[in-house]
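**Q** Spelled out from the first residue to the last, the chains are:
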Amino acid sequence: GAGVSQTPSNKVTEKGKYVELRCDPISGHTALYWYRQSLGQGPEFLIYFQGTGAADDSGLPNDRFFAVRPEGSVSTLKIQRTERGDSAVYLCASSFTFYNEQFFGPGTRLTVL
Amino acid sequence: KNQVEQSPQSLIILEGKNCTLQCNYTVSPFSNLRWYKQDTGRGPVSLTIMTFSENTKSNGRYTATLDADTKQSSLHITASQLSDSASYICVVSVPPNTDKLIFGTGTRLQVFP
Numbered sequence: 030g031a032g033v034s035q036t037p038s039n040k041v042t043e044k045g046k047y048v049e050l051r052c053d054p055i056s057g058h059t060a061l062y063w064y065r066q067s068l069g070q071g072p073e074f075l076i077y078f079q080g081t082g083a084a085d086d087s088g089l090p091n092d093r094f095f096a097v098r099p100e101g102s103v104s105t106l107k108i109q110r111t112e113r114g115d116s117a118v119y120l121c122a123s124s125f126t127f128y129n130e131q132f133f134g135p136g137t138r139l140t141v142l
Numbered sequence: 013k014n015q016v017e018q019s020p021q022s023l024i025i026l027e028g029k030n031c032t033l034q035c036n037y038t039v040s041p042f043s044n045l046r047w048y049k050q051d052t053g054r055g056p057v058s059l060t061i062m063t064f065s066e067n068t069k070s071n072g073r074y075t076a077t078l079d080a081d082t083k084q085s086s087l088h089i090t091a092s093q094l095s096d097s098a099s100y101i102c103v104v105s106v107p108p109n110t111d112k113l114i115f116g117t118g119t120r121l122q123v124f125p
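Just so you know, the protein sequences line up as chains C and P, in that order. Going by the working numbering, the first residue of the first sequence is number 30, and it counts up by one from there. Going by the working numbering, the first residue of the second sequence is number 13, and it counts up by one from there.
Rather than coming from a laboratory, the hints here were simulated on the basis of the structure. Idealized CB from N, CA, C, for every residue including glycine. Each hint should be verified, as a subset may be incorrect.
[Claimed, not checked] Derived DSSO-like pairs (lysine-lysine); straight-line CA-CA distance at most 30 Å: (1) C:Lys40 <-> P:Lys29; (2) P:Lys69 <-> P:Lys29; (3) C:Lys107 <-> P:Lys29.
[Said to hold, decoys possible] A short, non-exhaustive set of chain P residues, derived as facing chain C with CB atoms under 8 Å: (4) Thr52; (5) Pro56; (6) Lys112.
[Unchecked claim] Facing chain P, a subset of chain C residues (Cβ under 7 Å, in silico): (7) Leu68; (8) Gln70; (9) Pro72; (10) Ala117; (11) Phe125; (12) Glu130; (13) Phe133.
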């Protein structure tokens, strides 16, 4: 009965480096969402997966951001050539299918120095 | 202009008192409106979900109202407890292809003994 888990909980990297953030959704949930939350702000939508495919990636800020979900379960958010402005908490959520309640993970706090 | 605006930005109340948080949105059409509670360092947790045809929804000491004509929602907290200290975020769900969530910036509530 585990909830959504995300690893690592904290990631500190240097400007220009590549990072990967992992999300393990609740077992059986077909929908998976990534959000980014800057300090003092509400989360902003990045990308949504239904199964293995990205159903909506309109929230990805630029082509440095990419996400995959190859087997329809675990998802990885990949950020290339990180910039200081990428520093934020990256939240993952899953739901049984879209239109169902989304359950959020604890987030990964990314700090780009 | 944010599509989901909340007020006040922050609020301090004494334990046992009631309070009401406000949300105004411009998103249209929408499939549902949600209120989330987010503790520091945690992911958001759903409190209530209302479709556009619902006027009120309760969850324990939390009661949400929705006026789809004026595009306003409120969250009323009764008999506040110290554990209510958190950010409360109003969220609107955008149809039709995905359950994309648009988050407000939240109201930071602090309950003091």
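**Q** Each hint needs a verdict: does it hold in this structure or not?
**A** Tested hints:
1. C:Lys40 <-> P:Lys29: violated (39 Å)
2. P:Lys69 <-> P:Lys29: holds (20 Å)
3. C:Lys107 <-> P:Lys29: Given that 30 Å is the threshold and the Cα spacing comes to 45 Å, the pair is violated.
4. Thr52: violated (11 Å)
5. Pro56: Result: holds, 5 Å to nearest chain C Cβ.
6. Lys112: holds (5 Å)
7. Leu68: violated (11 Å)
8. Gln70: Result: holds, 5 Å to nearest chain P Cβ.
9. Pro72: Holds. Min distance 5 Å.
10. Ala117: Violated. Min distance 13 Å.
11. Phe125: violated (11 Å)
12. Glu130: For glutamate 130 (chain C), the interface hint holds, since the closest Cβ of chain P sits about 5 Å away, which is under 7 Å.
13. Phe133: holds (3 Å)
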